[in-house]
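Residue numbers (this note's numbering), protein chains in the order written: chain A, 1 to 333; chain B, 1 to 333.
Repeated chains share a single entry, so a pair holds when one copy, or any two copies, can fit it.
Using 20 Å as the maximum straight-line C-alpha spacing, the simulated EDC-like pairs for lysine to aspartate or glutamate come out as follows:
no.	residue 1	residue 2
1	318	158
2	116	127
3	271	251
Quick caveat, the hints were computed from the structure, so don't treat them as lab data.
Predicted model only: the values in this text are computed from it and were never measured.
Single-letter residue listing:
2 protein chains.
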Amino acid sequence: MDANPILAEAVRGNWVENRHRGAFVIVDADGNLIASGGDVSRPVFPRSAIKSMQALAIFDHHAAEKFHHRSEELALACASHHGEEEHLNNVSHFLERMGLSASDLECGAHMPTNGKARAALRAAGQEPSALHNNCSGKHSGMLSVALAMGIDPKGYVDREHDVQKAVRAAVEGVIGEGLTEDRCGTDGCSIPTWAAPLSAWALGFARMATGKGLSEAHGHGARALFDAATTHPHLVAGTGHLDTLVMEAFEGRLMQKGGAEGVQCGAIRDKGWGYALKCDDGNMAASHAMVAALLLKYAQPDAAQRSVLEQFVRQPTKNVRGMRVGELRAVGF
Amino acid sequence: MDANPILAEAVRGNWVENRHRGAFVIVDADGNLIASGGDVSRPVFPRSAIKSMQALAIFDHHAAEKFHHRSEELALACASHHGEEEHLNNVSHFLERMGLSASDLECGAHMPTNGKARAALRAAGQEPSALHNNCSGKHSGMLSVALAMGIDPKGYVDREHDVQKAVRAAVEGVIGEGLTEDRCGTDGCSIPTWAAPLSAWALGFARMATGKGLSEAHGHGARALFDAATTHPHLVAGTGHLDTLVMEAFEGRLMQKGGAEGVQCGAIRDKGWGYALKCDDGNMAASHAMVAALLLKYAQPDAAQRSVLEQFVRQPTKNVRGMRVGELRAVGF
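Starting from the given sequences, assemble the full structure and let the hints guide the process.
Right under this line is the structure:
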């Protein structure tokens, strides 16, 4: 297998300590290549980076019409939230409105991603619930699909459940190619994740940004989801996170979402471009440096946007005493 | 730069999600190559993997004679300990015997590596001290060098302090080549770390295992340090850690030590071979899979040793609900 290019490196003192390889691609909604690096035909698991694409099942099955999903709820359906108060309150409300509760979520429980929220939970002597799971908004959206379909939500995370079939069909519709069982795994939150070429994920985001090549339901849904995510960037991730800070800075021009193991996807909405990026070794911080460099070069940032991106393009490394000892930085863009 | 080979991969379901490249080398004390993969001439920061080599300064300056370092203390000088009770007690005792205390340590404080020790500290509402720092044993050894040299220990972590000059000279003596300021960084615990070719680190460990090519003080010291580490594997790391489990299983035949950012070094003592390995992207779990595969192939493990190594060669990945969803495994050995 040919090696992808080095797209980030960690420097300590005056010497490179680590190297992170990866691939990236930017396309328009017709599939025209805007830029790329590395092998963009290699299928990769998109993980949480395509939650907005998975959420299109909500529109295929008229769940948004039935339950009148609020914009906050659509943002949470696209989110890997950090378990802060605003996230928990909105997910609880989302479930309540459907007559459901945290006990209907099948994502499992983990400690909040946000440090302060974790410390507060520990200080209160409480265990995390499924609400704290970063995927609880996405799962609430999937539960709304089950209810709108009039089927039993139980087991909705399983690959053979009609909800996951609906999610798979929505994603296949957007990227324009089939997902296959020989490239399938289980995600952290127990739903299936399907590998597809990096270029297919980028194309899907370009189509979602423009509506080109999409069904009417998907075109409408994609706009509603991207509008929701970019209107509520804090709900999509959390305090201090790249996705939140970058979407805040771009004020609607940019949909940006990370996924586990070094995946970054999104759309430069005003250009109608979709992008997808994967760090080969799964390092998240390196993928942040990479996607920030990509946006710095291709998203025409203004000074304020540039300043946010630059925080991630070069990330200082500190040692135990807080001394700056090096940096993780994007290279090759 | 040519790409190193893929030496570990993470599989999710039936598809490879992440790839980890790296280089490894095994040599004897005359520098004869036993096995290698990738670019072994590329200088790498050894980080904590060479604490035993740094500890030779103790013998150069007769600190071991002056303070009669116990075997436990020599093991801790080579250690990245997990902050468990046995570690803290021994480091405290080490410092006390020299008339010093935790306030003389300049490594900084961090939470214990061991999960139970962390939870206990939190439950007690206490902040970690420098004793909990995984490097506190190494720093105690360095303080003993300062006292044996009759100099002020203050600032002993600085590159220009006589203690660090002594440590640098000891390492240069063992690997047989100079360390240079243009390949230098600051380690997590604030002392300098110097990059040298992977092959040089392997050669140093082969020399330490055999005494060949070493001064009398280094030959004696290396034997004492390796004996101490392999007699007290729990002091060198902690409960459940690869270094501890593997050294326990090999009952003195093997010196094994990891360093931050995916470095693994050691010696197959009965063969007189040294080895060094670096995962290019710094992933520790991947470096564990790699070094376990290396030892499985080259260290002639018996059934019990094989069983310990195999736990690390293939490491199951679980999701939030504890389902097994994939594995991280070594490849290409």
